[in-house]
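Below, each chain spelled out in residue letters.
Number of protein chains: 4
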Amino acid sequence: MSLRIIATGGTFDKQYDPLTGQLVFGDSIIPSALRRARITVPAMFEPLMAIDSLDMQDSHRQQIRAACERSDETQIVIVHGTDTMRETAEMLAHAQLAKTIVLTGAMVPYRIDDSDALFNLGFACAAAALGAAGVYIAMNGRVFPWHAVRKNRDAGVFESC
Amino acid sequence: MSLRIIATGGTFDKQYDPLTGQLVFGDSIIPSALRRARITVPAMFEPLMAIDSLDMQDSHRQQIRAACERSDETQIVIVHGTDTMRETAEMLAHAQLAKTIVLTGAMVPYRIDDSDALFNLGFACAAAALGAAGVYIAMNGRVFPWHAVRKNRDAGVFESC
Amino acid sequence: MSLRIIATGGTFDKQYDPLTGQLVFGDSIIPSALRRARITVPAMFEPLMAIDSLDMQDSHRQQIRAACERSDETQIVIVHGTDTMRETAEMLAHAQLAKTIVLTGAMVPYRIDDSDALFNLGFACAAAALGAAGVYIAMNGRVFPWHAVRKNRDAGVFESC
Amino acid sequence: MSLRIIATGGTFDKQYDPLTGQLVFGDSIIPSALRRARITVPAMFEPLMAIDSLDMQDSHRQQIRAACERSDETQIVIVHGTDTMRETAEMLAHAQLAKTIVLTGAMVPYRIDDSDALFNLGFACAAAALGAAGVYIAMNGRVFPWHAVRKNRDAGVFESC
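Protein chains in written order, with the numbering used here: chain F, 1 to 161; chain Y, 1 to 161; chain E, 1 to 161; chain R, 1 to 161.
Simulated from the structure, these hints should not be mistaken for lab results.
Take every hint as true, because none was put in to throw you off.
Note that identical chains are pooled: a pair holds if it fits in a single copy or bridges any two copies.
Derived SDA-like pairs: lysine to any residue, alpha-carbon spacing no greater than 25 Å straight-line:
no., residue 1, residue 2
1, Lys99, Arg65
2, Lys151, Pro18
3, Lys151, Leu130
4, Lys99, Leu130
5, Lys151, Gln57
6, Lys151, Arg61
7, Lys151, Ala43
8, Lys99, Thr84
9, Lys151, Arg36
10, Lys99, Pro145
11, Lys151, Val24
12, Lys151, Ser59
13, Lys151, Thr40
14, Lys151, Asp114
15, Lys151, Arg65
16, Lys151, Ser32
17, Lys151, His60
18, Lys99, Lys151
19, Lys99, Ala133
20, Lys151, Leu23
21, Lys151, Asp52
22, Lys151, Gln62
For reference, chain F alone in the conformation it holds in the complex (with noise of 0.2 Å):
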């Protein structure tokens, strides 16, 4: 039992630049909010790119895939951002591995009040733990297969479709 957490970048890794007031990309906190978890589990941080999801092109979902490929660990948790997520699974479902990929992102960046980020992070790592291999989302206390969810952009949910 052991883990690969692969960082994309998306809202759950945005911070706050004080000199622009813009939420940015700097070093990702994900390595933080593991060891504030306090997991034990065996797990591999690797920190592939950080953008925003909507930036995201298919050379971006390749390196992904091919990420995912060479991984050792057959459960992997990727944080990614909400927009495109479910066209980065369902490039991930045509690769055909044999492993667990759980795709997980937040609402609210993890340094600000109220984030969901934490309890996303540690729902995705359960599902990588004990899914099936295949491609999932995580997000809002459920777990969907890659073919059946959507992002409702105006409530702001993913749902099953």
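Place chains Y, E and R on chain F using the hints.
Relative to chain F, chains Y, E and R alone:
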């Protein structure tokens, strides 16, 4: 797919009383944690008791068993103090309910900086959703079968045994 | 001894909108900050406007001056964006009110980790209580007379000039 | 204009020990609070002791007096437990130092949600910068002369007397 979350107290739910300087129990913070998590899965919250797990007697454990028995939901998360989580899990296992029961808690109260509580709650909710019927302890990023875990009090972690 | 706290917006009061991913203005968080501070001094809170200080026009500054003029309280804290705090201070100084007016703000929004907002609010409240009549900028743990300060935007600090 | 901040312990600086479940003293959090506050005023931090103010003996108070006497800075903030803050203030007043000494503390530890600690620290720093020589207690958004204040333990606030 629906979920019951039963609060029994424990470190997870301890809150600071400014008048006495003590960590005490008040209204459970779990409902606000669930709102923060933005869960959309139907979830019943049941504040059953609010005690330290070191103060938990057989009568309390019978209450917990009764709550699990009468639960319409077959996915149950119990938020519990860590010190006697194992004993409660054992008692529940002997009740042989056809439900997935996951006990979790926290090493640091939810309302204190760097708490593991929200991660653990997310982790336990996914474990309850995906696990087979049985009784589990979900702590430190791991799902332990009830009979194969102990709390290492010196290290402050749960480990296999 | 009584105090008026006037909100005008600025970084201090920015909040995250999960639907747009932007930092925006909503209801001011200052009332909850004051409850948290457990203040017992009589304090009037006046949510005058909620804008970025870069968007502040002369008409906005006239509103701020009018609010200071009509204030029954002679100790006034104005929570303001940092970028044009100096300009508003200068305009207020020219109004020559017999009041102690302290402008403060934040480099990191109140609701983001490691924000300086609560410190600055406390600092400004004491400066308003103890300072002589006049207009001041209170940032970075310092009380600057309005005419002797500038924001160093590269360093993100206020400094004497 | 320079400042000395002396830590003596108290609720402000209490931290949670996951192994014992108690609030205890560790390394003071005041240096990180000052970084968070982005202060640029020269400030010396002196971790003098770390005790509950109910445990404070005459010998401790003599240490505090000695620290104030030898301080090159004439603006001094003392972070202190609230229960005997008044007694320490009285002792310091009798020492008749030509310095502005402001005692502050917190009703909720810095590292617990909704703590008043950061506000109080900011408030006390401004009071030390602007107050006349003398000994003051700064709590609840008010600057009290040392002899005209008591802690109302039932209400958890400082009030004039």
